[in-house]
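Peer 1: Spelled out from the first residue to the last, the chains are:
2 protein chains.
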Amino acid sequence: MSQLAQEKIVSACMIIIGNEILSGRTQDVNLAFLSKELNELGVRLLEARIIPDVEDVIVDTVNECRQKFDYVFTTGGIGPTHDDITADCIAKAFAVELFIHPEAEKIIRRREVPEDIMRSRLRMARLPVGGELIQNPTGGPPGFKMGNVFVMAGVPMVMQAMVSTLADGQVKGGDPVRSRSVAAYLSEGEIAEALGEIQDRYPQVELGSYPFYRKDGYGVNLVMSGTDEGELETMKQEVCSLVVSFDVEVISVD
Amino acid sequence: MSQLAQEKIVSACMIIIGNEILSGRTQDVNLAFLSKELNELGVRLLEARIIPDVEDVIVDTVNECRQKFDYVFTTGGIGPTHDDITADCIAKAFAVELFIHPEAEKIIRRREVPEDIMRSRLRMARLPVGGELIQNPTGGPPGFKMGNVFVMAGVPMVMQAMVSTLADGQVKGGDPVRSRSVAAYLSEGEIAEALGEIQDRYPQVELGSYPFYRKDGYGVNLVMSGTDEGELETMKQEVCSLVVSFDVEVISVD
Chain F
0 MSQLAQEKIV
10 SACMIIIGNE
20 ILSGRTQDVN
30 LAFLSKELNE
40 LGVRLLEARI
50 IPDVEDVIVD
60 TVNECRQKFD
70 YVFTTGGIGP
80 THDDITADCI
90 AKAFAVELFI
100 HPEAEKIIRR
110 REVPEDIMRS
120 RLRMARLPVG
130 GELIQNPTGG
140 PPGFKMGNVF
150 VMAGVPMVMQ
160 AMVSTLADGQ
170 VKGGDPVRSR
180 SVAAYLSEGE
190 IAEALGEIQD
200 RYPQVELGSY
210 PFYRKDGYGV
220 NLVMSGTDEG
230 ELETMKQEVC
240 SLVVSFDVEV
250 ISVD
Chain Z
0 MSQLAQEKIV
10 SACMIIIGNE
20 ILSGRTQDVN
30 LAFLSKELNE
40 LGVRLLEARI
50 IPDVEDVIVD
60 TVNECRQKFD
70 YVFTTGGIGP
80 THDDITADCI
90 AKAFAVELFI
100 HPEAEKIIRR
110 REVPEDIMRS
120 RLRMARLPVG
130 GELIQNPTGG
140 PPGFKMGNVF
150 VMAGVPMVMQ
160 AMVSTLADGQ
170 VKGGDPVRSR
180 SVAAYLSEGE
190 IAEALGEIQD
200 RYPQVELGSY
210 PFYRKDGYGV
220 NLVMSGTDEG
230 ELETMKQEVC
240 SLVVSFDVEV
250 ISVD
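One line per chain: the protein sequences are F and Z, in this order.
Just so you know, we're using numbering that gives the first Met the number 0 here: the first sequence kicks off at 0 and counts up by one.
Just so you know, we're using numbering that gives the first Met the number 0 here: the second sequence kicks off at 0 and counts up by one.
These are calculated hints, taken from the structure and not from any lab test.
Misleading hints may appear alongside valid ones.
Which copy? The list can't say, so a pair holds if one copy fits it or any two copies do.
Calculated cross-link-like contacts (lysine to aspartate or glutamate; reagent style DMTMM-like; alpha-carbon spacing at most 25 Å) [stated by the list, open to error]:
hint: 1; residue 1: K67; residue 2: E54
hint: 2; residue 1: K7; residue 2: D55
hint: 3; residue 1: K67; residue 2: D55
hint: 4; residue 1: K214; residue 2: E96
hint: 5; residue 1: K7; residue 2: D246
hint: 6; residue 1: K67; residue 2: E111
hint: 7; residue 1: K35; residue 2: E54
hint: 8; residue 1: K214; residue 2: E102
hint: 9; residue 1: K105; residue 2: E196
hint: 10; residue 1: K91; residue 2: D199
hint: 11; residue 1: K7; residue 2: D59
hint: 12; residue 1: K91; residue 2: E63
hint: 13; residue 1: K7; residue 2: E96
hint: 14; residue 1: K91; residue 2: D55
hint: 15; residue 1: K67; residue 2: E205
As the structure is a prediction and not an experimental result, all values here were calculated from the model.
Sequences are here, hints too, so could you generate the full structure?
Peer 2: What follows is the structure, encoded as structure tokens:
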């Protein structure tokens with residue numbers, strides 16, 4: 000693969016909307032899921048922002064990020080309650096009105112509820128003018144896409160179902176990003192110099208070093224990621240050789 | 000407590016530096032820890048950014064956030080390897096040089112290692128000129144504070160030990176932020192209107208509604224947070240009454 004082909008990076012930013020994540024009461028698990036799925040689609044998640052349910056902040060963040068990255072994915076704030084303001088904010092960011100999307104309305108009306116409850120639920124049928132639905136395979140209200148911004152639910156089961164529909168040509172990436180990792184009970188300091196030299200020899204592959212502490216002692220995870228499988232394999236062998244040269248066993252490799 | 004007193008919010012932003020978090024290989028747990036500790040100190044975490052180990056991105060993000068928020072807390076990138084560039088980036092952001100901090104050097108030299116390894120480890124003694132140490136109660140290399148930016152380790156055990164030292168007057172907040180939560184097997188749509196009315200009556204308290212799906216069915220967590228304990232208690236009672244008015248049991252309240 001040519002160097003040129005590898006340099007064309009399709010980028011994404013994730014915007015996690017929700018006080019419950021920022022407060023630490025709820026642990027986000029959507030980022031890891033999205034990041035891995037995007038890697039498969041050849042899109043690199045280059046940044047994530049966790050922001051509160053505050054209109055100005057959401058509008059400004061969306062507007063900044065949709066200029067800066069090829070794709071933006073938001074999670075959270077598309078339910079029926081007063082603190083669900085993502086659709087309103089996306090409309091404001093794009094300076095358009097909201098409308099009731101007929102297909103979204105049909106999906107929501109499938110479940111029969113008293114009229115006052117339906118009124119709240121129909122908030123979830125509102126899309127900014129120009130928006131298109133993101134299907135929700137769980138059968139609940141859909142998400143939507145507006146320009147390069149994909150607006151999804153925050154509940155992981157629903158978010159993941161929505162993401163599973165993105166492979167259907169809606170997101171156009173480059174080569175899939177693959178990774179290799181090697182773990183060993185070595186301190187980072189011991190291998191730092193040699194590791195830097197390996198990184199210098201493989202500028203196309205990102206080589207990360209992540210220390211860990213387990214009951215058996217401290218160690219390091221060495222992670223390589225890039226788009227060229229051959230290069231990744233060669234580099235992995237070099238990293239394994241480096242570990243062994245310290246008379247230390249490689250404890251895991253994948 | 001007067002409305003005025005409550006409006007003085009001391010704000011913070013967290014910058015999580017590391018490809019390993021963005022890639023989804025490692026699950027961040029530091030945000031939840033920091034957010035709760037800051038609440039106790041009367042500081043509100045208003046935003047978090049997860050960014051890669053890329054110099055320009057780190058420098059720009061730090062410079063933007065240190066203007067925008069009262070405090071900035073970074074995690075990650077302060078180890079001894081080639082991908083640990085946080086100290087260099089903070090120095091660049093503040094347009095100062097790095098220097099070897101004598102106390103940090105002393106701490107690092109406590110552990111005897113061959114000279115080439117010590118060379119890598121001493122990278123961790125580098126501070127931007129004007130920086131001050133953040134103590135590391137685990138005995139490892141310290142973090143540092145530069146202006147309103149607190150630079151900490153990414154490994155949770157070490158990060159948490161560093162955060163525990165912040166109560167020592169280094170961070171000056173307002174009133175501690177408290178929360179109450181009520182959970183019930185109700186759909187958000189059912190209570191959306193009534194919930195909006197409660198929120199309108201208590202503008203000082205943030206009322207969030209977070210749906211969940213468990214094997215027993217779907218339900219909702221209603222979370223109130225604010226600085227006035229009395230108001231929080233009254234509001235919690237109203238929320239409980241609302242739930243009961245639907246002939247539904249409150250399944251948890253705290």
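Peer 1: Are the hints correct? Go through all of them and say.
Peer 2: For each hint, the structure was consulted:
1. K67 x E54: For K67 and E54, the Cα distance is within 25 Å both inside one copy (20 Å) and across copies (17 Å).
2. K7 x D55: Answer is between: at 19 Å across copies they meet the 25 Å cutoff, but 33 Å inside does not.
3. K67 x D55: For K67 and D55, both the intra-copy (18 Å) and inter-copy (14 Å) Cα distances are at most 25 Å.
4. K214 x E96: neither (57 Å within a copy, 38 Å between copies)
5. K7 x D246: Neither, since 40 Å and 58 Å both go past 25 Å.
6. K67 x E111: This pair counts as neither: shortest intra-copy Cα distance 42 Å, inter-copy 47 Å.
7. K35 x E54: between (29 Å within a copy, 24 Å between copies)
8. K214 x E102: neither (54 Å within a copy, 29 Å between copies)
9. K105 x E196: neither (60 Å within a copy, 28 Å between copies)
10. K91 x D199: between (46 Å within a copy, 22 Å between copies)
11. K7 x D59: For K7 and D59, the Cα distance is within 25 Å only across copies (23 Å; inside one copy 27 Å).
12. K91 x E63: both (13 Å within a copy, 23 Å between copies)
13. K7 x E96: neither (35 Å within a copy, 34 Å between copies)
14. K91 x D55: within (10 Å within a copy, 30 Å between copies)
15. K67 x E205: within (22 Å within a copy, 31 Å between copies)
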